Amino acid sequence: MHPHASSSPEREIRALPELRLERGALAHNVRLMAEWCREHRVELSPHIKTTMVRPIVEQQLEAGAWGVTVATARQADVARSWGVRRILVANEVIHSADLALLRHLLDETPDLELFCLIDSSTGVDLAAAALHDTHNPLRVLVDVGVPGGRTGGRSPAEAYELAAAAVKASPGILLAGVAGYEGVRPNTRDAATLAAVDAHCRMTAEVFESLAPLYETARPVFSMGGSAFPDRVVHAVAELLNRCADLPLVPVLRSGCYVTHDHGTYAQVTPLPGLRPALTVRATVLSTPETGTAVVGAGKRELPYDAGLPVVLGARSAAGAPREVRATAARIYDHHLVLTPAQGLQVGAEVDLGVSHPCSAFDRWPDITVVDEEGATCDVWHPQFR
Numbered sequence: 019m020h021p022h023a024s025s026s027p028e029r030e031i032r033a034l035p036e037l038r039l040e041r042g043a044l045a046h047n048v049r050l051m052a053e054w055c056r057e058h059r060v061e062l063s064p065h066i067k068t069t070m071v072r073p074i075v076e077q078q079l080e081a082g083a084w085g086v087t088v089a090t091a092r093q094a095d096v097a098r099s100w101g102v103r104r105i106l107v108a109n110e111v112i113h114s115a116d117l118a119l120l121r122h123l124l125d126e127t128p129d130l131e132l133f134c135l136i137d138s139s140t141g142v143d144l145a146a147a148a149l150h151d152t153h154n155p156l157r158v159l160v161d162v163g164v165p166g167g168r169t170g171g172r173s174p175a176e177a178y179e180l181a182a183a184a185v186k187a188s189p190g191i192l193l194a195g196v197a198g199y200e201g202v203r204p205n206t207r208d209a210a211t212l213a214a215v216d217a218h219c220r221m222t223a224e225v226f227e228s229l230a231p232l233y234e235t236a237r238p239v240f241s242m243g244g245s246a247f248p249d250r251v252v253h254a255v256a257e258l259l260n261r262c263a264d265l266p267l268v269p270v271l272r273s274g275c276y277v278t279h280d281h282g283t284y285a286q287v288t289p290l291p292g293l294r295p296a297l298t299v300r301a302t303v304l305s306t307p308e309t310g311t312a313v314v315g316a317g318k319r320e321l322p323y324d325a326g327l328p329v330v331l332g333a334r335s336a337a338g339a340p341r342e343v344r345a346t347a348a349r350i351y352d353h354h355l356v357l358t359p360a361q362g363l364q365v366g367a368e369v370d371l372g373v374s375h376p377c378s379a380f381d382r383w384p385d386i387t388v389v390d391e392e393g394a395t396c397d398v399w400h401p402q403f404r
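Positions in the sequence shown are counted from 1; adding 18 to them yields the numbering used here.
Calculated directly from the structure, the hints in this document are not laboratory data. Given the structure is predicted, the values throughout are model-derived calculations rather than measurements. Watch out, some of these pointers could steer you wrong.
[Said to hold, decoys possible] Cross-link-like lysine to any residue pairs, in silico, SDA-like; alpha carbons within 25 Å at most:
no.: 1; residue 1: K67; residue 2: L290
no.: 2; residue 1: K67; residue 2: E224
no.: 3; residue 1: K67; residue 2: D151
no.: 4; residue 1: K318; residue 2: H122
no.: 5; residue 1: K186; residue 2: P231
no.: 6; residue 1: K318; residue 2: R38
no.: 7; residue 1: K186; residue 2: N205
no.: 8; residue 1: K67; residue 2: H375
no.: 9; residue 1: K318; residue 2: D249
no.: 10; residue 1: K318; residue 2: L290
no.: 11; residue 1: K67; residue 2: A175
no.: 12; residue 1: K318; residue 2: A33
no.: 13; residue 1: K186; residue 2: S228
no.: 14; residue 1: K318; residue 2: R349
no.: 15; residue 1: K67; residue 2: E110
no.: 16; residue 1: K67; residue 2: D352
no.: 17; residue 1: K67; residue 2: R56
no.: 18; residue 1: K186; residue 2: A214
no.: 19; residue 1: K67; residue 2: L123
no.: 20; residue 1: K186; residue 2: T206
no.: 21; residue 1: K67; residue 2: D249
no.: 22; residue 1: K318; residue 2: E36
no.: 23; residue 1: K186; residue 2: S114
no.: 24; residue 1: K67; residue 2: T206
All chains, please: the whole structure from these sequences, using the hints.
Okay, structure coming up:
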């Protein structure tokens, strides 16, 4: 058993619905991504806000991850409590309580390398004020965005001004590199989307190169995030490494969803052959109110639906016998999923559902049922988002 897993796996009593994690597929994906990153000369800082499950994060670190990426200061605190000593907060941190927390983490953990993004002069000023006399400075990465996208400066000129402001605000913060996010584009691999992703990667690389005289750390970080286009990132990294041969940069990929993969959006777009979906939800058929319709006892509170409805993978009778079934998810409610057309399902049958977008799955469940390759329960893990 993993040293930080549950000491008493819940084998005897199974409550449905449940989120099931296949440990073999998980371990396979961790190894595959680690090997892929080594082959392409990039470091991996997995975005653990996907799972926030300690045994998963520890597997990623044991496989060679450079550090971890989180979304919030609270998640950074959780990662630090797990023993992680290199953490990248993929956001600008501006709230006074969050900055105070980052200050506490840096002061209490002298060997902690803590990074966050900056995309405004206000953010720089607030961070500098909160950290002005710390002995362990906060490392900041200039956030490069795209028009109509999320955060980040929209032009190289804005990025340079922001970097200069960060340098002026030292010593509480250190300019440590540049970050971009190519995943703001639709998760499709048509020619127009790939061209837009490539353009963003190139601009982020150009910004990184232009800031070379300003960096305050020995090895500045060039970081990109997203699980749909890591191949486009490594292409941009290769070009950047060729141009900046004399600059000891650290290329860092922030992908997160690869670790469990999925049966939906990432299965359709990932460029990494061999990733295996590791997550399913098992639920019970509650009602068959009409011919060809089955209602399953899991809905928006249990199932991610922002990137498409679940798919039916298989079913078995209440007694455990496999059933031939054909069914398609049509509508979702708070705790119900309507399958239609549906054939071969009776009330009490158990249905296994494949889900899309793992980032919207783990935070719905306090308990994750870990199963082996045969589907037998072998442990229970618990996400820790706060």
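Hint by hint, here is what the structure shows:
1. The straight-line distance between the Cα atoms of K67 and L290 is roughly 21 Å, inside the 25 Å bound, and the hint therefore holds.
2. Restraint check for K67 and E224: the C-alpha separation of about 28 Å exceeds 25 Å, so the hint is violated.
3. At roughly 30 Å between alpha-carbon atoms, K67 and D151 are farther apart than 25 Å, so this suggested pair is violated.
4. With a C-alpha separation of about 37 Å, the suggested pair K318 and H122 falls outside the 25 Å cut-off, and the hint is violated.
5. Between K186 and P231 the CA atoms are separated by roughly 13 Å; this keeps the pair inside 25 Å, and the hint holds.
6. About 17 Å separates the Cα atoms of K318 and R38, which keeps this hinted pair within 25 Å; it holds.
7. A distance of roughly 38 Å separates the Cα atoms of K186 and N205; the hinted pair therefore is violated under the 25 Å criterion.
8. For the suggested pair K67 and H375, the alpha carbons sit about 12 Å apart, so the restraint of at most 25 Å is met.
9. In summary, the hint linking K318 to D249 is not supported, as the alpha carbons are separated by about 32 Å, beyond the 25 Å threshold.
10. This hinted pair does not check out: K318 and L290 have alpha carbons roughly 29 Å apart, beyond 25 Å.
11. Restraint check: the Cα-Cα separation between K67 and A175 comes to about 31 Å, which exceeds 25 Å; the hinted pair is violated.
12. Taking the CA atoms of K318 and A33, the gap is about 18 Å. The hint holds against a cut of 25 Å.
13. Distance hint between K186 and S228 is fulfilled; the C-alpha atoms sit about 17 Å from each other, no more than 25 Å.
14. Restraint check: the Cα-Cα separation between K318 and R349 comes to about 10 Å, which is no more than 25 Å; the hinted pair holds.
15. Taking the CA atoms of K67 and E110, the gap is about 16 Å. The hint holds against a cut of 25 Å.
16. Between K67 and D352 the alpha-carbon distance is near 23 Å, which keeps this suggested pair within the 25 Å criterion.
17. Pair hint K67 plus R56 holds up; C-alpha atoms about 23 Å apart against a cutoff of 25 Å.
18. A threshold of 25 Å between alpha carbons decides the hint, and for K186 with A214 the separation of about 33 Å lies outside it, so the pair is violated.
19. Distance restraint check for K67 and L123: the Cα-Cα separation of roughly 19 Å lies within the 25 Å cut-off, and the hinted pair is therefore satisfied.
20. Taking the CA atoms of K186 and T206, the gap is near 41 Å; set against the 25 Å cutoff, the hint is violated.
21. Proposed proximity of K67 and D249 is supported: the alpha carbons are some 22 Å apart, at most 25 Å.
22. Of the supplied pair hints, the one linking K318 and E36 holds, its CA atoms being roughly 14 Å apart against a limit of 25 Å.
23. Of the supplied pair hints, the one linking K186 and S114 holds, its CA atoms being roughly 21 Å apart against a limit of 25 Å.
24. The hinted pair formed by K67 and T206 meets the criterion: a straight-line CA distance of about 22 Å does not exceed 25 Å.
Going through the hint list in order, the structure does not satisfy hints 2, 3, 4, 7, 9, 10, 11, 18, 20.
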